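Undergrad: As they're listed, the protein sequences go chains A and B. When we follow my numbering, the leftmost residue of the first sequence carries the number 1, and every step to the right adds one. When we follow my numbering, the leftmost residue of the second sequence carries the number 340, and every step to the right adds one.
Note that these hints are calculated values from the structure, not bench results. Please note that a few of the clues may not be correct.
To be verified - A short, non-exhaustive set of chain B residues, derived as facing chain A with CB atoms under 10 angstroms:
1) T453
2) Q456
3) G589
4) A612
5) L627
What the hints assert, rightly or not - Take a look, some chain B residues computed to stay more than 12 angstroms from chain A by CB distance:
6) S475
7) P515
8) R664
9) H691
Since this is a predicted model, take the numbers as computed values, not measurements. For every residue, glycine included, the Cβ atom is placed at its ideal position computed from N, Cα and C.
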Amino acid sequence: MTALDERPVPGETLLQARGIVQEFPVRGAGGIKGGVVHAVSDVSFDVRAGETLGVVGETGSGKSTLARSVIQAPRPQAGEVLFRGTDLMRLGRRELVAARRHMQMVFQDPYGSLNPRWRVAELVEEPLVGYGVRGSAQREARVRDLLDLVGLDPSVYGRRRPHELSGGQCQRVAIARAIALHPALVICDEAVSSLDVLIQAQVLNLFERLRTELGLSYLFISHDLALVKQVSDRVAVMHLGQLAELGPAEALYRRPLHPYTAALLDSIPGLDPRTGRARRPRPLAGEPPSPLAPPSGCRFRTRCPLAVQRCAEEEPVLREHVPDHRVACHFPLDIPREP
Amino acid sequence: MRAHDDVLAGAGGVQESHFPALSGPESGFPELPADGETLLEVRDLRVRFSRRGRHVHAVNGLSYRLEAGRMLAIIGESGSGKSVSSRALMGLLPSTATVTGSARFAGTELVGMTEAQMRRRRGADIAMVFQDPTRSLNPTMRIGTQVVEAVRAHADLDRRAARRRAVELLSLVRMPVPEQRFGEYPHQLSGGMRQRVMIAIALAGEPRLLIADEATTALDVTTQAQIMELLVELQHRLGMAVILISHDLGLAASYAQDVLVMYAGRGVEHAAAETLFAHVRMPYTRALLGAIPLLEREPHTLLPVVPGQPPDLSALPAGCPFAPRCASADEQCAVDPPLTEHEPGHRWACWHPVPDAPAPDAASGDRS
């Protein structure tokens, strides 16, 4: 494990996920016919040290399942998850627990992820105790540092309990817990989605500051495309358990290659902050297909305005269309300009 | 400049579709009357929740006017009073709430109505659609039965006529194959389809005002766009006014004719949507605009930060409620600025309004 304890060098590949498959059998409960939910189907991606990889997708696209597959909760059915060269899929329970200190998660509901009976200082101390940081004075000093770092005055907030905090303050406590053990990777699953916009901006800026100050990498999962663009170096677009597109944030938003990415971008109501002009969405027709029975071929073809017969017969593979920009579509939207 | 400017260029700030022929539904509707009759006039509306001697002042002197057939977006963060003020119109607040002030709907005073009077009008005058369609629908009843029930609550129809009307309503909300969907249960439908059922139920009484309380917030962006197009279509086809309660400024700017921004239970800025967003005056609105993640910004842009938290509604300080977080606040802000029409059709509540930006590029400090 010593290799994992060293700080990653910027640019090194921190996480390599290869062919992750996560499927859940469902019984007849709730009136749904029995079957298998194809939550994540053969997904591969990398996270480089110091970068933020954003993952966007709609409800049921498998983005949260993908995040949980990375930390092996639960273990994927197939695939490899290499964290700095170590395959997490092959680790035993104890080794996995040890490896997890290097990758932490921040969830959507800040109240739900904090024990309501504990005080803020205890909450932040817990991971330190759990991973054997010795000396209560040392731990207390670290807790004070961490609370300072996330912008909570330890003398004011240290003794409070979660219900005495606002949503934004709770999320700061959750972030302090996540970074307590110097992780290399922080996985944010809709981490700012429940916050009001002004508080959300504060927490987003905090994520940015921690990234530069602590050299963190993020896997940033959200349904909000604009939000993901704001924080990400590269963006992966998930659709029904598969990656539709993966590329540099600027390029992906400026010239999306996959019709699904384009449709998502067209669906966002927007506003130009400089002119105050609205950008009226252009809705995509049709209903998202069920993950219990994904369509044959391309899973987006039932809603795709460009679909042809080939899309039903042949499943498109994710391939590099332009350097560093991959798309899973037989007919990528645009031929990009020369660099 | 550079990168995102070719997104903004082209259709004059309006993003072009990435598809060659995806029909834009915004065309083909008649223009709205510029100066219609007043449908709803809210004056000095106040709502106070009292519990064990503690008072929470959720709405503090809200006043606005809504013309027939228009869509008004009420924008605000959690606790701004946007939902509470709208529920007050419907008489949907718990018994701990005290409502004062006036809300006249087509000349009839709503504040102070008895529950029996309110029941008769609810759904027929004003109907409401909520955020979570799963919780609003009965999971054990077929959706058709639930729509029929709503139809028969408003009109004295026999079973067959009510069923016919229910199918009509389901087609009106663009439910595909409504006769077939009629016998399905809520769990068999997607979130978007459930919200369509809720809208069909809301339309059963042919309301003149539909309040959509974060009705698309729980939906995916693609579904949200479909439901919003439906609301706009219904607004035009039925001549129905809509109050769109949302925290999403982009949504308000894209669909509503008028926008009212609320903070700490009061209106702080109110104008036609284009006017408001092109000439933001209230520093709070400016702060909201600065803080929303936008496709137009480049990655890793730090957002301008507004310090602090929204005020405690049980102990509101005197003066402007936004002053403690406002960069332009001074002694004058200890006196509460009223929501006044300073420019034609543009009301704001601020002593230090934001001036128009001199040049479009220097205006927004959103570049890092």
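Undergrad: It remains to establish, for every hint, whether it holds in the given structure.
TA: Verification of the supplied hints:
no.: 1; hint: T453; verdict: violated, 36 angstroms
no.: 2; hint: Q456; verdict: violated, 36 angstroms
no.: 3; hint: G589; verdict: holds, 4 angstroms
no.: 4; hint: A612; verdict: holds, 7 angstroms
no.: 5; hint: L627; verdict: holds, 6 angstroms
no.: 6; hint: S475; verdict: holds, 18 angstroms
no.: 7; hint: P515; verdict: violated, 8 angstroms
no.: 8; hint: R664; verdict: violated, 8 angstroms
no.: 9; hint: H691; verdict: holds, 19 angstroms
Going down the numbered hints, you'll see the structure goes against 1, 2, 7 and 8, while the others check out.
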